[in-house]
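These are the residues of each chain, in order.
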Amino acid sequence: MSMDRRTLLKQLGVMASGAMLLPSCDFTPEKIPIALNNLKVSLEQEALLAELVGAIIPTGEIPGAKDLEVQNFVWVMADDCMEKEDQNIFINGLNQFMRYVDKFSEISLEEITPEQQVKLLNEIMEIKSANKPVAELSAEDDPKETPPPEAFIGDIQFFINQAKNYTIRGYLQSEYVMRELMPYSLVPGGYNYCETIDPNKKVNIHG
Amino acid sequence: MANFNIDSVKQRTFDAIVIGSGISGGWAAKEFTEKGLKTLVLERGKDVKHVTDYPTTNNMPWEFKHRNQIPEAVKKENPVISKCYAFREDAMHFFVKDKEHPYIQEKPFDWIRGYQTGGKSLMWARHTQRWSEYDFEGPARDGFAVDWPIRYKDLAPWYSHVEKFAGISGNKDGLKELPDGEFLSPMEMSCVEEYFKGIVAERYKSQRHVIIARCAHITGNEEYYAQQGRVKCQSRNLCQRGCPFGGYFSSNSSTLPWAMKTGNLTLKNNAVVHSVIYDEEKQKASGVLVIDAVTKEQIEYYAPVIFVNAAAFNTNLILLNSKSNRFPQGLGNDNGLLGKYVAFHNYRGKIAAEYEGYMDKTTTGRRPTGSYIPRFRNVLKQETDFLRGYASGFGATRMKDIETKDLFGAELKENLLNPTYGPWRVSSHMMGETIPKEASRLSLDESNTDEWGIPQLKVAIDYDENDEKMLKDFFEQFTEMYTEAGFTNIKTRDTKQAPGLDIHEMGGVRMGKDPKTSLLDKWNRLHACKNVYVTDGACMTSTSTQNPSLTYMALTARAVDHAVKELS
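In order, the protein sequence lines correspond to chains C and G. If you read the first sequence in numbering that gives the first Met the number 0, its first letter stands for residue 0, the second for the next number, and so on. If you read the second sequence in numbering that gives the first Met the number 0, its first letter stands for residue 0, the second for the next number, and so on.
For the record, the hints were derived by calculation from the structure and aren't laboratory data.
As a list, the in silico BS3-like pairs of lysine-lysine whose alpha-carbon atoms are at most 30 angstroms apart:
| no. | chain 1 | residue 1 | chain 2 | residue 2 |
| --- | --- | --- | --- | --- |
| 1 | G | Lys436 | G | Lys380 |
| 2 | C | Lys201 | G | Lys399 |
| 3 | G | Lys96 | C | Lys83 |
| 4 | G | Lys75 | C | Lys83 |
| 5 | G | Lys495 | C | Lys83 |
The shape of chain C in the complex, shown without the other chains (with noise of 0.2 angstroms):
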């Protein structure tokens, strides 16, 4: 997964500075991250959600998550549904995991395969380390000196993880698989208290 800050923000025709590299020709509406009740997050923070949401989930034959535009769903969950607390540690480990794979990445946006992506998580998933909660870093730590990423290990696997059930929760709930792949009837509900199973056919969690 490219991690890779520059290539992102390059990608996003973001600036330094943080301004939109738009040709005067171009009427593409500008771009605006997406609006949250409590959140504020970046353009750059967004990008990188979906980036990782499409890595949990990739595209192929059938859509996968970012094709369906999960990251949405996961950035409203845990902007309405996450305790104060674990919001907290859930954006620190999304800034966290940007500056780690900027640092540890040799991978750019162009060059990163779906295979290299999970291998990352992986690796990120597998490190054993119990960073202390954001807060309290912050609170006895210099802010001059900000620690290196990998001292956030703690936070970055929980932005992942749950970034991940959010994940697979909007992706398994989605107008696409709920009518596509695995149909979710609302008229009528139907009940077979004891039907053979027939091997063949698919299971349907929503049938």
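Please arrange chain G on chain C, whose structure you already have, making use of the hints.
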């Protein structure tokens, strides 16, 4: 001006007033209006019209922003209602929010309320098991509370009356402890539920029974229900949103539209009842003092008979707040017992397990009910070290698994798109009878009033040693039954939930034979003020184990019949 006043009084005078439009108030409205009485139903909340006011009823799962989860901010603001299993994104608009209607928990009590036309009948769980002879005899046999002034035979025809109209699905099981009723075809038990039924019958020599629950869903006799504009249950199992088919019974889908069709019903929303007015001269109630929920204006309504169906605890509140020279402690409260002897159902016990039989079978779809195990403890005689017993739910569903642990990417996607069958998951929950005690009481806090100047309710109710022993027995007996059936990975759980979350609070205005020890007579009239009837949960002398709504409906229809005979 004088004429205007007379006209105004005339306009505010009815043949009957019903306080509350929930499951029992709706029945009172139907019975009164069908018998030709001009009836006023006072509902404190907003109107909810059948179908048109069910905003989420046809939403697909992905149309809920949080996929039916309650946002953290809502939970924080509403710690009590957020504990309710049905308070989800799809039906949260039908529940009272904590902040809007505060009450005082002298002991922890989760008060679940629905302030709108139809009350909680919109979101109820729809189980409708009759009481048996053993239930009505309970207090007399076991020496607690007071003797019920009625027996099963008094209520049986009224159970039939309400069952037929409401539409009750069920199987004729022929059990003395859970009498059969007027049933439409039963819903089906899953194959593992059937299997468990067989094991339990064999092992306990037909002393314990696993049956399909009786529930208020239309499963037949469709022409008859078409008259109410209701059709067959579609097994959507989305009932708490309100059902566009009228597949389950609610005041909104059934009794209230029926009453409206007679032309005799006036439904007034935003009508917060302050008190019942007592006429010292005539020595009976003359009407009701109402405060408009929005304008706060006070209005009096008059009728020769008044039914209080405000939901168990609010009925207590209204009567306690109905003070007069004759009744300084609340209407009908000569003995000081009003608000006392409240009780509930103990829902703390849960048990779950797995079963690896019937692996070639599965359940599909969404059955809107479950199986049921009627009370088997102390039914014929006292046999344990605790009084009374418990009924239980029972359900067995084939699990569908998706392995996601430690997986990302293509492998995860492959698993998500190809779920597999897991074992069967079986579970039960306990519905225990609790003993009404004088110490379990409701009272008013005169110094803390609500937005309408009405004193807040103080609730003091708790579990006791009998409940703890019964909980232990539930765990033991079900672990034994599950083990007999070969269920594995058995896990018991004490939810430690406070009383209230069962949403089966009862009593405080109990029925009884003696005016010295009870508030209501055998017709549900206040002993001391005979034109005021209470037929919701407040009237209950004991709680038994059955889901109580069906009994409230039957008591209501019976009481209206009596009230109308008294008037004529």
